[in-house]
Amino acid sequence: MPDAVLAPVRDIFRAIATTVVPEAAAFDAAAWSEAERLIESALDVRPAGVRRQIQMFIRVIEWLPVVRFGRRFTALDAARRTRVLQALQSSPLLLLRRGLWGLRTLAFIGYYARPAARAEIGYRADARGWEARR
Amino acid sequence: MIERETDILIIGSGAGGGTVAAELVPLAKSGVRVLVLEQGARFAPSEMTGQELEMARALYADDGGFLTAQGTMSLAFARAYGGSTLVYTGTSLVVPKRVIDHWNVTGLTHADLAQRSAKYLAQNNVHQLTPDLLNENNTLFVKGCDAAGFHAEQFPVNLRGCKGSSLCNLGCPNGAKMGTHAVQLPFAERNGVQVVTRAEVRTMEDRAVTVRVREKAAGEKGAPGEWAAGEYRVRAKIIVCAGGSIGTPALLLRSGFGARLPALGAGFTCHPAHILVAEHARAITNDVGHPKSFYLDRAEAEGYVLETCMYFPFITAKNLTGFGAPHSALMRAFPRLQMILVLACDRAVSGNRITVNADGEPVVHYEFTPQVVESLVRATRASARIFFAAGALRVHAPSADPPLIEAADAARADALIDARHFRTGTISISAAHLMGGAVMGADARASVTDAWGRVHGVPWLRIADASLFPDSLEINPYVTIMACADRVAEGVRGDAPALLAA
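The listed protein sequences correspond, in order, to chains S and B. Okay, so the first sequence: first residue is 1 according to the working numbering, each after it adds one. Okay, so the second sequence: first residue is 1 according to the working numbering, each after it adds one.
Mixed in with the good hints, there may be bad ones.
Here are the simulated distance ranges between beta carbons [unchecked claim]:
no.	chain 1	residue 1	chain 2	residue 2	range
1	S	V50	B	G256	46 to 54 Å
2	S	R124	B	A329	17 to 25 Å
3	B	D206	S	V50	31 to 39 Å
4	B	K119	S	L93	48 to 56 Å
5	B	D206	S	E120	52 to 60 Å
6	B	P402	S	V50	38 to 46 Å
7	B	G256	S	D3	32 to 40 Å
8	S	A25	B	M1	49 to 57 Å
9	S	S41	B	R260	37 to 45 Å
Some but not every residue of chain S turned toward chain B, in silico, with C-beta under 8 Å [unchecked claim]:
no.	residue
10	V20
11	A87
12	Q89
13	R97
14	R124
15	G129
Hints listed in this document are in silico derivations from the structure and should not be mistaken for laboratory results. Each residue gets a CB set at the ideal place from its N, CA and C atoms; glycine is no exception.
The following block holds chain S by itself, in its conformation from the complex (with noise of 0.2 Å):
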């Protein structure tokens, strides 16, 4: 089993998640665990290189907001924290959206993947189909 990706990076990671998708801040310790074990696994299928890149990517996150904001992106308040995702979500380069494109694959696949998230979307898809509604 290739070594975690998250783990170095967690709290930045967090973070980043919690921007994402803002009801990931009311996770307690078991719901992180568990989302990070999704994402982990859906990460054990990508190449070395990639894990690194996205680790590396993570780090760049935290420290691009000193250039703007004087802090680092854990220490900003939430609404600088959007401001810093939306910055690079739509910057002229292809690269840099690409890596919020992935980092926010991975917080959705955190969050939404979790069997408890079906139920607090509503979603409610069934393998008896039309009988289990009729």
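On the provided structure of chain S, position chain B as indicated by the hints.
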């Protein structure tokens, strides 16, 4: 290296390989050894849990997130007994004549493909669902099309006993889909064709392949493979490649066929697609019922097709642009969401092609042409009209800025949705109709096979999958793949006496 020998080897068991396997039953019955090698595993309907990540891991290459070299589009293709026919929605269309005329492949006629397609429509129980099985996600699309001046058509689908789980793309939990896993492959196996799963063909040489057979890991879904895990060398007198538009060119390229076949890897098209979402005031039936029952064909006039669709929580979240509170609000409106999949009819252009990296793994190069972007933008505008005509409160359009358009702004939707807002790396684009890479044609410099899938200059090698398509098909491809594979099998049957005697 364990040595094995057969007469005819088929690589892949999807729409192409499964069809060839069934069509070679007469040879198998006469004593010819026919072997199918499939990279994926056999799955039972009871293993289809509807859990997104779990099923994506089990059924799809790269968990369904195979990225292009540019990193701007993900490609979905299955690895399983039955190939991608296990995970599609079963929509079954016959290719329009204009497409085959445009392809202009010597020896390939629309009449021939239509006749063969009809055979598979019958074999696969293709029919239209009755109105009582249609959900509101679909009926609202029809209502919106009618009100907006469009004509929606109902998809014929290859289902038997559909319960409406809506989970088609994660594998049907009720075994209702009549793909090659349910029809052609079981028929072939009952009649003497051998199918070996978990068997990845790594390289090909003169009438032989090397194969890596994987052991089933602890906790992994699917049946164990039929052969013991290990490295094999399988010799055959005829080899039919049906590994799909990525698998087939990649196998031939890493095996050195590129030197004699300069067009190998070229001509890749894929109907780039993205999801549009609209929110209604009330809950609608959207996560129950067959998800893809209607479509709007604007391929000829405007270069796009709209299809009804309904995806799962993570896939939906990924496909909405943006993040934060507005994104969450839309996700929490899930019971009120209507969805449309927009597909662009792309053209084969130089540069969009398949290569292999230093490890021999496939790399797909794909740039969005201005024509594709314009098609997606036109499709988005049409979808917005349809959503609002169906009564939507707001529409999420990735190529608008901001992406959420309120009903009060419906009249301005065409202006708000614009190609200048189409930014790769921001919009989630995906594709599941992978075509080209080993295209048919008469000229060995510009194509890889003739109209019967015979590889130029290599009489023992045939291709029988969507990699044959010299350009976009403009419809869901599996029926046409089966029709082309049916031709390939006919050619193999005709050539078999000479090739098997060699």
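Here is what the structure says about each hint:
1. V50(S) to G256(B): 46 to 54 Å: For V50(S) and G256(B) the Cβ distance comes to about 28 Å; the hint is violated.
2. R124(S) to A329(B): 17 to 25 Å: Cβ of R124(S) to Cβ of A329(B): about 19 Å, so the range 17 to 25 Å holds.
3. D206(B) to V50(S): 31 to 39 Å: Holds - the Cβ-Cβ distance for D206(B) and V50(S), about 36 Å, lies within 31 to 39 Å.
4. K119(B) to L93(S): 48 to 56 Å: The hinted range 48 to 56 Å holds for K119(B) and L93(S), with Cβ atoms some 52 Å apart.
5. D206(B) to E120(S): 52 to 60 Å: holds (58 Å)
6. P402(B) to V50(S): 38 to 46 Å: violated (31 Å)
7. G256(B) to D3(S): 32 to 40 Å: holds (36 Å)
8. A25(S) to M1(B): 49 to 57 Å: holds (56 Å)
9. S41(S) to R260(B): 37 to 45 Å: Given range 37 to 45 Å: holds, Cβ gap about 42 Å.
10. V20: Result: holds, 4 Å to nearest chain B Cβ.
11. A87: violated (12 Å)
12. Q89: Hint holds; Q89(S) Cβ to chain B Cβ min 6 Å, cut 8 Å.
13. R97: holds (3 Å)
14. R124: Holds, because the Cβ-Cβ distance from R124(S) to chain B comes to roughly 6 Å (cut-off 8 Å).
15. G129: Since the shortest Cβ distance to chain B is 3 Å, the answer is holds.
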